[in-house]
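First to last, the sequence lines map onto chains A and B.
Taken in order, the first sequence gives residues 1 to 370; the numbers are from the numbering used here.
Taken in order, the second sequence gives residues 1 to 261; the numbers are from the numbering used here.
Mixed in with the good hints there might be a few duds.
[Stated by the list, open to error] Derived lysine to any residue pairs resembling SDA-like cross-links, with alpha carbons at most 20 Å apart:
{"#": "1", "chain 1": "B", "residue 1": "K92", "chain 2": "A", "residue 2": "K266"}
{"#": "2", "chain 1": "B", "residue 1": "K159", "chain 2": "A", "residue 2": "P95"}
{"#": "3", "chain 1": "A", "residue 1": "K266", "chain 2": "A", "residue 2": "D355"}
{"#": "4", "chain 1": "B", "residue 1": "K159", "chain 2": "A", "residue 2": "F59"}
{"#": "5", "chain 1": "B", "residue 1": "K92", "chain 2": "A", "residue 2": "G22"}
[As the list claims (entries may be wrong)] So, partial list: chain B residues that the calculated Cβ filter (under 8 Å) puts toward chain A:
{"#": "6", "residue": "Q51"}
{"#": "7", "residue": "L161"}
{"#": "8", "residue": "A170"}
Everything labelled a hint here was simulated from the structure, so no lab data went into it.
For every residue, glycine included, the Cβ atom is placed at its ideal position computed from N, Cα and C.
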Amino acid sequence: MASSESRGATIDIRSVSKRYGGFTALDDVSLHIEAGEFMTLLGPSGSGKTTTLNVIAGFTELSSGVLEVGGRSVVGVPAHKRNIGVVFQHYALFPHMTVGRNVAYPLALRGVAREHRERRVQSALDMVKMVDFSHRFPSELSGGQQQRVALARATVFDPPLLLMDEPLGALDKKLREWLQLEIKRIHRELGTTFVYVTHDQEEALVLSDRIAVFNQGRIEQIGTGRQLYDEPATLFVGKFIGDSTVLRGTARTSGDETAIDIGGQKAVTRKRLPNGGTPVMLLRPEKLALVRRGARISVDRNSLAGRVGEAIYLGSGSKYEVVLADGSTAVVRSTLEDEAFQIGDEVDVLFAGSDARLLADDDKADLTLT
Amino acid sequence: MRLPARILLGLFCLLVAVWLIAPTIVVVPMSFNDKKSLAFPPSGFSWQWYQNFFSNPEWSSSLVSSLKVAVVTAVLATIIGTSAAFGLDRMKSRVSGVLRAVLITPMIVPGVVLAVGIYAVYLDTQLVGTLTGFVLAHTMLAVPFVIIAVSASLEVFDKRLETAAISLGASRLTAFRTVTLPLIAPGMLSGLLFAFVTSFDEIIVALFITSPYLKTLPVQIFSSITRDADPTVAAVGTLLFIATSLVIGAGLLVGSRQRKR
Numbered sequence: 001m002a003s004s005e006s007r008g009a010t011i012d013i014r015s016v017s018k019r020y021g022g023f024t025a026l027d028d029v030s031l032h033i034e035a036g037e038f039m040t041l042l043g044p045s046g047s048g049k050t051t052t053l054n055v056i057a058g059f060t061e062l063s064s065g066v067l068e069v070g071g072r073s074v075v076g077v078p079a080h081k082r083n084i085g086v087v088f089q090h091y092a093l094f095p096h097m098t099v100g101r102n103v104a105y106p107l108a109l110r111g112v113a114r115e116h117r118e119r120r121v122q123s124a125l126d127m128v129k130m131v132d133f134s135h136r137f138p139s140e141l142s143g144g145q146q147q148r149v150a151l152a153r154a155t156v157f158d159p160p161l162l163l164m165d166e167p168l169g170a171l172d173k174k175l176r177e178w179l180q181l182e183i184k185r186i187h188r189e190l191g192t193t194f195v196y197v198t199h200d201q202e203e204a205l206v207l208s209d210r211i212a213v214f215n216q217g218r219i220e221q222i223g224t225g226r227q228l229y230d231e232p233a234t235l236f237v238g239k240f241i242g243d244s245t246v247l248r249g250t251a252r253t254s255g256d257e258t259a260i261d262i263g264g265q266k267a268v269t270r271k272r273l274p275n276g277g278t279p280v281m282l283l284r285p286e287k288l289a290l291v292r293r294g295a296r297i298s299v300d301r302n303s304l305a306g307r308v309g310e311a312i313y314l315g316s317g318s319k320y321e322v323v324l325a326d327g328s329t330a331v332v333r334s335t336l337e338d339e340a341f342q343i344g345d346e347v348d349v350l351f352a353g354s355d356a357r358l359l360a361d362d363d364k365a366d367l368t369l370t
Numbered sequence: 001m002r003l004p005a006r007i008l009l010g011l012f013c014l015l016v017a018v019w020l021i022a023p024t025i026v027v028v029p030m031s032f033n034d035k036k037s038l039a040f041p042p043s044g045f046s047w048q049w050y051q052n053f054f055s056n057p058e059w060s061s062s063l064v065s066s067l068k069v070a071v072v073t074a075v076l077a078t079i080i081g082t083s084a085a086f087g088l089d090r091m092k093s094r095v096s097g098v099l100r101a102v103l104i105t106p107m108i109v110p111g112v113v114l115a116v117g118i119y120a121v122y123l124d125t126q127l128v129g130t131l132t133g134f135v136l137a138h139t140m141l142a143v144p145f146v147i148i149a150v151s152a153s154l155e156v157f158d159k160r161l162e163t164a165a166i167s168l169g170a171s172r173l174t175a176f177r178t179v180t181l182p183l184i185a186p187g188m189l190s191g192l193l194f195a196f197v198t199s200f201d202e203i204i205v206a207l208f209i210t211s212p213y214l215k216t217l218p219v220q221i222f223s224s225i226t227r228d229a230d231p232t233v234a235a236v237g238t239l240l241f242i243a244t245s246l247v248i249g250a251g252l253l254v255g256s257r258q259r260k261r
């Protein structure tokens, strides 16, 4: 994706399951990753994203399914023969070796001659801007520096695939944001396939070509950040990526319109839904507008009454949490030009029915209404 | 703290310190006695007992025997103990707890009980008075010390480093050799020193399985002092005191340098 003459490997995961006794860590997971793609596995802890990474790396054997890297099955191939780079959250640099020897380690194992080794270590350290630290020990480096060395060590042997398990999880926000950009640059320079595990949806959006959202051992949705944000396939994805307002109600169908009764107030949508169903409306903060109660009645927009529960000034605009009549909370983002509101103000929340994403009220795929 | 209390505490500490090192302090002057007696304080000064220790074949051969046994024991116990500690570390915790207890028993069982058992078996197998016999018995006694020392190192060793090594292309064995081993080496070294000292010091089992042809230094000291009051014993004691101080001192030095990393 990022580079045309890609040196990365494709990954094919088909119907992979992993069971530990009675516990199913991965349940029929399928995922295809293009050569040179930056794929992020996103999900809460225990959702199966790290298990998937460990299965690809060979640290964990899968219980059933197909796993191919570069078109060849790697099931049963021991981890040390897979030639896959791995970067860990805890850096995992060898404390008894200098930075230079750490990076040279995979080359020494591959029998690379000493003079070539030197040059490749230099260029790998150059890539992460750590050349001057070659003779230091890991304990003399900061967390961010250690992770850059780990990145150099995991890529110095030119693996066609690099796995990263929450590599920035132990770092503070500023450093994390800077390293995200560094990782993006390195991905462009190397053209290697990157598989990146994180629970941080913002990080996933910054880095990835595509994102696979994991939940309870299964993939909920695979897509670009925009697809996941604009067209979440499940309520879980909608809530996990970005802010959202979730409205619950009962569907009442009449003609080609469906009205959803939300705590006594009506929201109308053009989408046809079965009468009496209980769908969920998911709305992004930018799709909602706030007006003072009764100030303006818009015929073509839905209107729900509420009271401002929280007003947060963000610099570029404001974010409001509005408590609606049925007790649920609407999250609204406004720009600087919009009218400002205080906590306790009585307001109407306006939105177009077409901007609402209608989803099933649980995560069972066969009940998805869209 | 008020001044009188501080003085009292200081005096008490001094008393304990004197009590702990008094036997050692008594031995050193005795070794320079000019008469063949163990009288304290000595009546005059001479080097003759040191001379006797090195010239008398009975003493020098027992020293050589002790060194042979202790060196082989230390190496064997370190290999066995390290392997055992590594195995225990990677086991399910419930099984390893029981196994660890079993492996530590030679430290807890009274020496005489072990000695009687070993002697009975050695009589049948003709191991009494042999180098093999000594090494086997002492290795058994020394293994627990190595297990404890190496286990302590493994406790703080980050196993994820092995996973990292494997991801970089190392087989399990290579990962162990290039990453685990160097990082638990201080524990192994301290285990090795403990094993050496355990064997070099050991007397109870040695008294049972000794023969006129193979005597270790502690046995020689014991039989010499029960036969006649020979101040050579004090000279040997002083030399041993200096030697062990140097070994332990070196061990501490290596340990502190490792910690600095």
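Hint by hint, here is what the structure shows:
For the proposed pair K92(B) and K266(A), the alpha carbon gap of about 60 Å is over 20 Å, so the pair is violated. Taken as a hint, the K159(B) and P95(A) pair is honoured in the structure, with Cα atoms around 13 Å apart against an allowance of 20 Å. Restraint check: the Cα-Cα separation between K266(A) and D355(A) comes to about 15 Å, which is no more than 20 Å; the hinted pair holds. A hinted pair counts as satisfied when its Cα atoms are at most 20 Å apart, and K159(B) with F59(A) qualifies at roughly 13 Å.
For the hint linking K92(B) to G22(A), the alpha-carbon distance of about 19 Å falls within 20 Å, and the restraint holds. Using the Cβ-Cβ criterion of 8 Å, the hint placing Q51(B) at the interface with chain A is not satisfied: the shortest such distance is roughly 47 Å. This hint holds: L161(B) has a C-beta 6 Å from the nearest C-beta of chain A, less than the 8 Å allowed. For A170(B), the suggested interface contact is upheld, since its CB lies about 6 Å from the closest CB of chain A, less than 8 Å.
Checked against the numbered hints given earlier, this structure breaks hints 1, 6; the rest are met.
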